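Novice: For the protein sequence lines, the chains are A and B, in the order given. 1 is the number of the first residue of the first sequence in UniProt numbering; add one for each residue after it. 1 is the number of the first residue of the second sequence in UniProt numbering; add one for each residue after it.
Honestly, the hints are just simulated from the structure, not real lab data. Predicted, not measured: the structure shown is a model, and the values here were computed from it. Ideal Cβ placement from N, Cα and C applies to all residues, glycine included. Hints are supplied without guarantee of correctness; some may be wrong.
Footprint (simulated), chain A over chain B, 3 or more residues, beta carbon under 8 Å [unchecked claim]:
| # | stretch |
| --- | --- |
| 1 | 242-255 |
| 2 | 273-285 |
| 3 | 346-352 |
What follows is each chain in one-letter form.
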Amino acid sequence: MSELRVVLAEDSYLVREGTRQLLESTEEVTVVAAVGTADELLDAVERLRPDAVLTDIRMPPGHGTEGIRAAHAIRAGHPGVGVVVLSQHADEGYALELFRDGADGLAYLLKERIGDRAQLVHALAETCRGGSVVDPVLLDALVGRRRRDPSSALDELTGRELDVLREMAQGRSNAAIAARLYLSESSIEKHIGAIFGKLRLGDGPELHRRVAAVVTYLRAAGA
Amino acid sequence: MLPGAACAFAVLLSPAVLPDQAGRVLTAAALPFGFYAAGATARALRPGHPVADRLLAVGVLHLAGIAGAVAGARLPGGSWPAATVGWVSAVLFASGFVALLDLLARYPTGQYAWAWVAGPVRVAAVATAIVTTVAVLGSPRIVSVLELPTGPNPAHLAALASASGAFLVALAAPLLGLGLLLARYRGASVLDRGQMRWPIVTTAVLVAGLVSTGLAERVLGPEVQTALFVGAATAVPASFLIGLLRRTEEADRLAAVEESRARIAQVAVSERRRIERDLHDGAQQQLLALLARVELARARLGEGDEAVERELGAIGEAIGSVHRDLRELARGIHPAVLTDCGLVEAVRSALARLPLDTRLDVSPDVERSRFGEPVEAAAYFLVLEGVTNVLKHADTADAHVSITAAGGLLTVTVRDPGRGFADPREPRGGLTGLRDRLAAAGGVLEVTSRPGYGTTLRGVLPVAGHV
């Protein structure tokens, strides 16, 4: 696989440099630009057309949710560019805001995943392919929230199907899900078929349906 | 102001105009002089205040009535000019009582306590003019509000003779006003009540005096009655004037206190947010940079150095754990989600973190609304304190949180069906802090609890202009 061309946005110099070196050490990623603000990020994407973007959520000047706004702008202007948003916030509200208009090509990861370069690279590659990834900590909170909001289309799913959906939300392949849940791949396929059926996600390319399932999941959880 | 001054001047000339009746005129004018002086002072100190205008109006109308009576006494007895002046002065004098009614109905704020009061006041004004005219026409002699000797009434209508005593109806106006003032007093705030007490007493004395003039004169003699009347006359307008001045002063002071409290609340929230941001930009970022370096070192480590690799892995884990602790600490100081995503999202997020079976009800207009930092922070920490208390003390996993807005007020309720406690008014550490926090944002906290029947925390916060 050819190297992923990535633009990095992070306002703290130390974190930016650390992350850049870490990503480049994998030899799967080339950091084509490392910038400190959302405006510079949008500019770099415009100029360099990277495969994916790794951006902090909170940047100057507002120190709010600039990363999310930049992600929306990038996805709208350059649908082929995947965006991984790194955040210090373990609050589902931010993830829901990021996936407001759909989860395609977007990922929300907690910032401490900087300590796990394999996961960073996985998320970058996944979003570049149009997939989506959500940090497991957030997913657990979203499932907890789903229980409090009883009127959800997801109520029809069994516990096992929810497990599979949660794994799907992290962009895992059927084989990877099977391995993690100690199930056979064929039973994973059956579960996924049941999930698509219950969520009424008819026909269409498998990848799109997977993403749609994840979005439904997040929507329902956030409703 | 000017017509009043002219009338006052005319009244003061009465010893020259009517040497034998001067005492009577000046005694009758004592009360109007008092109102006129109080009104003029109030107008100067509180310009534009309706109560000041009404005080002045009572004085001017009565002085005009009295001046008219003095002038009428000098006109040829039984003539049409004398009759016309008598009628005008009677209507003006009676209207003074309606002005007094309006004053009582508007005191102390300047507005009616209830919007419907405007109707009866207007009816009283028209009715007084009509009744006075009828009484003037019914009187066989020309009417004088000072009961000065007059000639026969050229406009006398024998058919209305029985209505000649209808003047007394004008006295019902202040009585009605006193009733309205008393009714308002019942529902008034402590601040307003303080301003209303003295005027109520003096007005009651005055009304009693007006109604029982004849009786007092017979029992006490004309000199004592006159002395009492003049005393009351100075006390009534003075009590209104002082009440009015004190009221606006107290209101100004309270408004200043409210303002400074709101400022302090804003500063407190901003300060907490700054600390949160400093933690985020400082310690948390440093830890993350460290984490990246440890991971990089691990990546660069040659094969076969498993002990070092394990150690680096453990260091990375430890840094991650400290980072998580710091994140929770920052969140406790000021949750960024409150600033970035609003109250409801922050509450959802907080509830999702607790091992409680919480039901959350949010009214649709609150869902995406923003209410300003101090209010959002106070509401958020109320929910947090409430559910934490359920977790710690209530012995139940059930809790119900509701956030609603109506009529410019945001109401946040945390209810549990758990253990409850005996005396909700007894100060408790967490609740006292919460009460202060809500008060600083202009709100109030209500705690209701009973052993065996659970506990309810309810906070009400002003959010006018936001919903």
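Novice: Decide, hint by hint, whether the structure agrees.
Specialist: Structure-based check of each hint:
Look at the stretch 242-255 of chain B against chain A: 0 of its residues bring a Cβ nearer than 8 Å to a Cβ of that chain, fewer than three, so the hint is violated. Counting residues of the stretch 273-285 of chain B whose C-beta sits closer than 8 Å to any C-beta of chain A gives 5, which meets the bar of three, so the coverage hint holds. Counting residues of the stretch 346-352 of chain B whose CB lies closer than 8 Å to any CB of chain A gives 5, so the stated coverage by that chain holds, three being the minimum.
Checked against the numbered hints listed earlier, the structure breaks hint 1 alone; every other hint is satisfied.
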